[in-house]
Amino acid sequence: MNSKIYKGSLEPIILKLLTEHQAMYGYEITKAIKNLTKNEIQVKEGSLYPLLHRMEADGVIESYIKNMGNRNRKYYKITEEGQHQAASILEEMNQYLRIMQSFFGPTHNLSLDQ
Amino acid sequence: MYVVVMKLSKWQILHLKRFLRHHYVKYEDVQLELIDHLASAIEEKMEEDQSVSFEQALNQVYKNFGTLGFSQIVKEKEKAMQKFWRKHIWKNVLDTLRPPALLATILIFILFFGSQTYLGFTYLRPVTISFCITLFAIIMCYNYYVREVQMETYLFLKSYHTYAGIIFVIFFLSLPNAIFAIGEQKELVATPLTVSLTSAYFTICIFLLYVFYFKIPSGLLHDLKSQYPQLSTNI
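If you're matching them up, the sequences are chains P and E in order.
If you want this note's numbering, it's the position in the first sequence, counting the first as 1, plus 42.
If you want this note's numbering, it's the position in the second sequence, counting the first as 1, plus 392.
Hints in this document: simulated from the structure, not taken from any laboratory.
Among these hints, one or two may not hold up.
As the list claims (entries may be wrong) - List of simulated lysine to any residue pairs, SDA-like, C-alpha gap at most 20 Å: (1) E:K475 with E:Q464; (2) E:K550 with E:K455; (3) E:K455 with P:L90; (4) P:K80 with E:E440.
To be verified - Chain E regions said to be covered by chain P (calculated; three or more residues, Cβ under 8 Å): (5) 429 to 440; (6) 450 to 461; (7) 472 to 484; (8) 589 to 603.
Only a predicted model underlies this, so the values are computations on that prediction, with no experimental measurement involved.
We treat Cβ as the ideally placed atom computed from N, Cα and C, and that holds for glycine.
My request is simple: use the sequences and hints to build the entire structure.
What follows is the structure, encoded as structure tokens:
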């Protein structure tokens, strides 16, 4: 990630992507994030894979291997437990964004006289 | 879905495997994912700019892994595997503490307790039983480890063997050693407490042998084969 602000957002982003898609592989996830954010967020491989492995160990996501001809590919998909977690994390994320809007949104008013 | 027409050759994929080994990624299950990542990125780079050679593309892609290279990924994968096995082993222990295995465990305890109470409890008896259980454990573990020749190849297997090894050292080497040492120093007195403790220890040993060297390993290779289908041709 290219900013400290984005740190901690990678897990919700992966959960959201895997909720929307059936299954994705590591490189596909980095490309999807890069394209969706128009190069604003570039996921470092050193951050992505450890996180995917931790999420897999936690049972949030699971993986399977598919033969691609010249090599094998590891796909990740969300588990049932992960779907519950995704719903709650995405709700938390929306709440966080709403709160941040009150500070940084276009109609923010930081006056203490209200 | 990202469609890339350019495909690396078999030789180039083998080169990536050697490249990873050279950078201390020795486990097949970790290599598999990194090979695909490197290959996908290289294919894309070579397709975007056809003047870029395979080696140049590889160097550019490797730079994206930062100064730590692959080491951070391997380290974190090891941690994740340990976490996975802690959960999985605990689940198996709890699953075994249900009928009919629970009944068998209780029967084994009664058998040890009864034999020591009614056949006479001398220090020689727990020492003999410890010796027999240790010998049995060594034979089982030896058979198991000989069969699992690929444990150094797959992190999935190696992480499990670490835990199985710890259990073996604590329960089948250290504790019997302690019993032998106590037996040599003084005569163990047969009290309800000593008989219960030694019987509980022997029962736990049998229980752990079953869980660590029979129950979990019986599903271990199946899990690995279903995850890594290419393994089936190697065993």
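Hints, one by one, checked against the model:
Taking the CA atoms of K475 of chain E and Q464 of chain E, the gap is near 17 Å; set against the 20 Å cutoff, the hint holds. The straight-line distance between the Cα atoms of K550 of chain E and K455 of chain E is roughly 29 Å, outside the 20 Å bound, and the hint therefore fails. In summary, the hint linking K455 of chain E to L90 of chain P is supported, as the alpha carbons are separated by about 15 Å, within the 20 Å threshold. Restraint check for K80 of chain P and E440 of chain E: the C-alpha separation of about 18 Å stays at or below 20 Å, so the hint holds.
Under the rule that three or more residues need a Cβ within less than 8 Å of chain P, the assignment of the stretch 429 to 440 of chain E holds, with 4 such residues. Counting residues of the stretch 450 to 461 of chain E whose CB falls under 8 Å from any CB of chain P gives 4; the rule of at least 3 is met. Coverage of the stretch 472 to 484 of chain E by chain P holds [criterion: at least 3 residues with CB-CB distance below 8 Å; count 5]. By the rule of at least three residues with a Cβ nearer than 8 Å to a Cβ of chain P, the coverage given for the stretch 589 to 603 of chain E is violated, with 0 such residues.
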